[in-house]
Amino acid sequence: MVAPYSPRSQTEFVKYCHLYDPFVPINNPRVVSEFADEFDEFGESIYGEIFSEDIEVDDDEIKIYWRCESHLESDKGLRSSKNRTLASEIQNELLEVRGYIYYELHDCSFQWAVVRYWMNREGEIYRKFFGVGATLGDADQVAIKEYSNYIQERDQTIRFIFEQGVPLSTDDFIDLGKRYNLEFDKNSVRYKRHSESTSLTSKCYSITGVTGGVKYQIDVDLESHHLEWLIHRSSPVHIYVEGETLGSVIQKHDTEYNSLRAHPLEWQKAVQATEEQLAEDQLADDIREGTEHLNWLISEYGDDIFPDRD
Numbered sequence: 055m056v057a058p059y060s061p062r063s064q065t066e067f068v069k070y071c072h073l074y075d076p077f078v079p080i081n082n083p084r085v086v087s088e089f090a091d092e093f094d095e096f097g098e099s100i101y102g103e104i105f106s107e108d109i110e111v112d113d114d115e116i117k118i119y120w121r122c123e124s125h126l127e128s129d130k131g132l133r134s135s136k137n138r139t140l141a142s143e144i145q146n147e148l149l150e151v152r153g154y155i156y157y158e159l160h161d162c163s164f165q166w167a168v169v170r171y172w173m174n175r176e177g178e179i180y181r182k183f184f185g186v187g188a189t190l191g192d193a194d195q196v197a198i199k200e201y202s203n204y205i206q207e208r209d210q211t212i213r214f215i216f217e218q219g220v221p222l223s224t225d226d227f228i229d230l231g232k233r234y235n236l237e238f239d240k241n242s243v244r245y246k247r248h249s250e251s252t253s254l255t256s257k258c259y260s261i262t263g264v265t266g267g268v269k270y271q272i273d274v275d276l277e278s279h280h281l282e283w284l285i286h287r288s289s290p291v292h293i294y295v296e297g298e299t300l301g302s303v304i305q306k307h308d309t310e311y312n313s314l315r316a317h318p319l320e321w322q323k324a325v326q327a328t329e330e331q332l333a334e335d336q337l338a339d340d341i342r343e344g345t346e347h348l349n350w351l352i353s354e355y356g357d358d359i360f361p362d363r364d
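Position 196 of the sequence shown, counting from 1, maps to 250 under our numbering, and the rest follow consecutively.
The set of hints was computed from the structure by calculation and includes no laboratory data. Beta carbons: idealized from backbone N, C-alpha and C, even for Gly. Careful, some of the hints might be misleading.
[As the list claims (entries may be wrong)] Below, computed lysine-lysine pairings styled on DSBU-like, alpha-carbon distance capped at 35 Å:
#1 Lys232 - Lys117
#2 Lys306 - Lys269
#3 Lys323 - Lys232
#4 Lys257 - Lys246
#5 Lys199 - Lys246
#6 Lys269 - Lys257
#7 Lys232 - Lys246
#8 Lys306 - Lys257
#9 Lys69 - Lys199
#10 Lys269 - Lys323
#11 Lys306 - Lys323
#12 Lys306 - Lys246
#13 Lys199 - Lys257
[Stated by the list, open to error] If you anchor each label on the Cβ, the simulated ranges turn out as follows:
#14 Glu354 - Arg233: 46 to 56 Å
#15 Asp275 - Gln206: 43 to 53 Å
#16 Gln206 - Val264: 31 to 41 Å
#17 Arg247 - Leu159: 40 to 50 Å
#18 Asp275 - Glu354: 38 to 48 Å
#19 Glu334 - Gln210: 41 to 51 Å
#20 Val264 - Glu115: 50 to 60 Å
#21 Arg233 - His125: 39 to 49 Å
#22 Glu107 - Glu330: 15 to 25 Å
#23 Arg247 - Gly219: 16 to 26 Å
#24 Ala316 - Thr265: 17 to 27 Å
#25 Thr309 - Ala338: 27 to 37 Å
Make the full structure from the sequences, and use the hints.
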């Protein structure tokens, strides 16, 4: 077992971290030497968040605080690619960051902390893992164990994606539709993200597409392994069905549609009800738009927007 080690200076701290991880720069290292610097007017950094919420150590308890980082680019092979674009860089390129921290409390006790995380070029955190220990190696082992648990969770999610045929993009959605003879116009397919997570395996999103006047939608939450397909027909009759697979909702929709078509009286009633509902919805939209326009006129010109005329 390695004995706990306490560096005697900031320079010694950096050298120690560099020997542990050669990607930590030894020349002109960027070292945060005040815990208060982990907080600014915009809020907590990832380190401030971990210390205040997970480790539960406050600024007034810390006597010495040193932090340095190593940065690893996950796609170094792309740097020489002529086909590389800004869009692909922002979406796909991740920086792996390893933060090494030594902190000492006023009672002279000390700990090491390791924080491993990935972020994209926009600064969004992909995933984080951290560990605390008496030595740098002990702290890193805890972080690596967290990462190992995450790998198992990610493997389960990847299996879920393939077993359930979950579309991850608009192109996947279009290709899946073709298996059921659904031809989606690429311009009609929309992808909407419902969570801030940039991790592929913890995304919450929806994809919608329209073909033949019918709207098809999938809602996906990869964190909880939940997905739901929806079909919404608004004309000539209103039909709304839900299910766990695209095939099942298509079958439900076709069954309901064909059942109505097989009974002319029921079909006529359904068409009439749909037309009345569409008229009500249109009236409500017109009233809302008129109210919004009136409020805009008042905000621009005041209450007396219709002066008396002689």
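Cross-check of the supplied hints:
Taken as a hint, the Lys232 and Lys117 pair is broken in the structure, with Cα atoms around 63 Å apart against an allowance of 35 Å. For the proposed pair Lys306 and Lys269, the alpha carbon gap of about 14 Å is at most 35 Å, so the pair holds. Only pairs whose Cα atoms come within 35 Å are accepted, and Lys323 paired with Lys232 is accepted, the gap being roughly 33 Å. Simply put, Lys257 and Lys246 have alpha-carbon atoms about 11 Å apart, close enough for the 35 Å limit, and the pair holds.
Straight-line distance between C-alpha atoms of Lys199 and Lys246 comes to about 33 Å, which keeps the hinted pair within the 35 Å bound. Between the alpha carbons of Lys269 and Lys257 the distance comes to roughly 22 Å, so the proposed pair stays at or under 35 Å and holds. A C-alpha spacing of about 21 Å is found between Lys232 and Lys246, which places the hinted pair at or below 35 Å, so the restraint holds. The straight-line distance between the Cα atoms of Lys306 and Lys257 is roughly 28 Å, inside the 35 Å bound, and the hint therefore holds.
Annotation: proposed proximity of Lys69 to Lys199 holds, straight-line Cα distance about 25 Å (limit 35 Å). A threshold of 35 Å between alpha carbons decides the hint, and for Lys269 with Lys323 the separation of about 22 Å falls inside it, so the pair holds. Simply put, Lys306 and Lys323 have alpha-carbon atoms about 20 Å apart, close enough for the 35 Å limit, and the pair holds. Between Lys306 and Lys246, the direct Cα distance comes to roughly 25 Å. Compliance with the 35 Å bound is thereby established for this hinted pair.
Restraint check: the Cα-Cα separation between Lys199 and Lys257 comes to about 23 Å, which is no more than 35 Å; the hinted pair holds. At roughly 52 Å, the beta carbons of Glu354 and Arg233 sit within the given window of 46 to 56 Å. As the Cβ distance of Asp275 to Gln206 is approximately 19 Å, the hint placing it in 43 to 53 Å is violated. Separation of Gln206 from Val264 is about 39 Å and conforms to the stated range, judged on CB atoms against 31 to 41 Å.
Distance hint check for Arg247 and Leu159: the Cβ-Cβ separation is about 41 Å, which falls inside the suggested range of 40 to 50 Å. Roughly 43 Å separates the CB atoms of Asp275 and Glu354, a value that falls within the hinted 38 to 48 Å. Under the hint 41 to 51 Å, the C-beta atoms of Glu334 and Gln210, about 46 Å apart, fit the expected range. Separation of Val264 from Glu115 is about 58 Å and conforms to the stated range, judged on CB atoms against 50 to 60 Å.
Distance hint check: the CB atoms of Arg233 and His125 are about 43 Å apart, consistent with the given range 39 to 49 Å. For the pair Glu107 and Glu330, the beta carbons lie near 54 Å from each other, so the given range of 15 to 25 Å is not met. Between Arg247 and Gly219 the Cβ separation comes to about 20 Å, which falls inside the hinted range of 16 to 26 Å. About 24 Å separates the C-beta atoms of Ala316 and Thr265, a value consistent with the hinted range of 17 to 27 Å.
Between Thr309 and Ala338 the C-beta distance comes to about 31 Å, which sits within the given range of 27 to 37 Å.
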